[in-house]
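Asker: These are the residues of each chain, in order.
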Amino acid sequence: MKKNVIDVKNMSFCYGNFSVLEDVTFNIREREMVGVVGPNGGGKTTLLRLLLGLLKPASGTITVLGEPPEKSSHRIGYVPQHRLFDPLFPVSVLDVVLMGRVGRSRGGLFSREDRELAAQALRDVDLFHKSKEAFADLSGGQRQRTLIARALASSAELLFFDEPTANVDSFAEQNIYNLLKKLNEKLTIIVVSHDVGFVSKYVSSVICVNRLVHIHPTSEINGKSIQDIYGADLSMVRHDHRCSEKGHTWVNF
Amino acid sequence: MGQFLRDLQTYSFLQYALLAGLLTSISCGIIGSYVTVRRITYIAGAIAHCTLGGMGAARFLQKEYGFDVTPLQGAVVAALLAACIIALVKYYGSQREDTVLSAIYSIGMAIGIFFISRTGGYNEDLMSYLFGDILMVSQKDLLLIGALDLIVVSVVFIFYNKLISVCFDEEFARISGIRVELFELLLLLLIALTVVLLVQVVGIVMVVAMLTLPCAAAGLLVKRLWHMMVVSILLCLFCTTGGLAISYQPDFPAGATIILMAGLVYFVAIALKKFGKI
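Protein chains in written order, with this note's numbering: chain A, 1 to 253; chain B, 1 to 278.
Simulated from the structure, these hints should not be mistaken for laboratory data.
Here the structure is a predicted model, which means the values were calculated and not measured.
One or more hints might be untrue.
What the hints assert, rightly or not - For lysine-lysine, the following DSS-like pairs were computed, each having C-alpha atoms within a straight-line distance of at most 30 Å: (1) B:223 with A:130; (2) A:182 with A:3; (3) A:130 with B:274.
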């Protein structure tokens, strides 16, 4: 039986008087790949930040890897969007990946082990040959993979992705999702994405966030549920689901 | 130039000035690189102007009441205090950051001018605080400059990896378990110390130029932060030494000449980059 890695119970969050998330309850088991979808402003990023311990819930509880999120956050590999970075910042690809080790190394300097783990992470994302290049000189897809390598170098047990395929071309997008699938063999993965169709091809369940939060196995996603999430009439383009029924797990909602 | 080299062998004030330039360049290149990549020149500017308060107060206490304090020491206290206030406001205050910086900037200067007006004797000090007077550096100042330099270099050497992580991606650093607030405060304190060193060399008004122009030029030429620091140090050395040498014989203002050199270095670097030499 797989353990729960994330447990959220009756959690609510608001900015001042403005309620963002209401009475959220769900859990995620280990080695699941879960997509988080919903309209802009629906609370996807807020949910992610709550799970990372960067925000505190107004009520209810969040447990990540058996601890409150602010204590377990160093065991999470967070992969933000690459376009948030200053293109003029002078760092090499290897420098960025080594930052994944900074929280782990006690002293000021990197050990040989740190360097080996960073090199391995770069091999995992197939960017080892670029390690000496400037981060700013890479393409969007390569930058995103560098940030994935940084998360891997931190020996994380859980990976969080915020729009991993935003601002990359379709070839790189495919490449990144294949990489996620490979990583999912060992790690639990949560992917925030605006692209319901694309996500549902890869993930085993989908968390739908629009103030209220529901979690569905991917096979259950249909026109009605998407309309509920986005609160408007939408036409659905059916993608072929690759997830088998067996891979889906029922989660309470 | 010949006059400069001849006098350098004879006059200790010129040797002190050269040495002050050399020592300051080290801190300036390192901390200026952080200031430039983190885009916080306006914070450095506010701290610089605020040092006038400390210098004026120290000068007043020294002249009127015979306290054993120098304006440079006063500047250290004022700069560190300003850095702490800025850090506190950033993390715990709900005020607009630029409003607070403007307040620090102008209140600091007002305090300085107030004390200077109450201090007897000539007020030629004010000009040297504002526009620098590298030729007036004393042996005692030189010791303080050396000590501050040592602090800046060793702290950056120890915490280089943590500081670069915080500068590059604050959120990731926080999630990794780094105490971001602590390192931001540390960086502000280091900026404060470097600002004090530079005030002596180029004056309050022109500190920001030294913290950005040579470092921005270096940033155009190299691609890693520590490479940028090394090149910045060399460019700062070139500007301070060159500015001092050029200004000496015709009696140009040294601080202004140094800044013009820095401006020249920056534009040459842009031109090199633009026309594809690098």
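Asker: Each hint: holds or not?
Answerer: Consistency of the hints with the structure:
Our distance criterion of 30 Å between C-alpha atoms is met by residue 223 of chain B and residue 130 of chain A, whose separation comes to about 14 Å. Taken as a hint, the residue 182 of chain A and residue 3 of chain A pair is honoured in the structure, with Cα atoms around 20 Å apart against an allowance of 30 Å. Of the pairs offered as hints, the one joining residue 130 of chain A and residue 274 of chain B holds, with about 25 Å between alpha carbons and a cut-off of 30 Å not exceeded.
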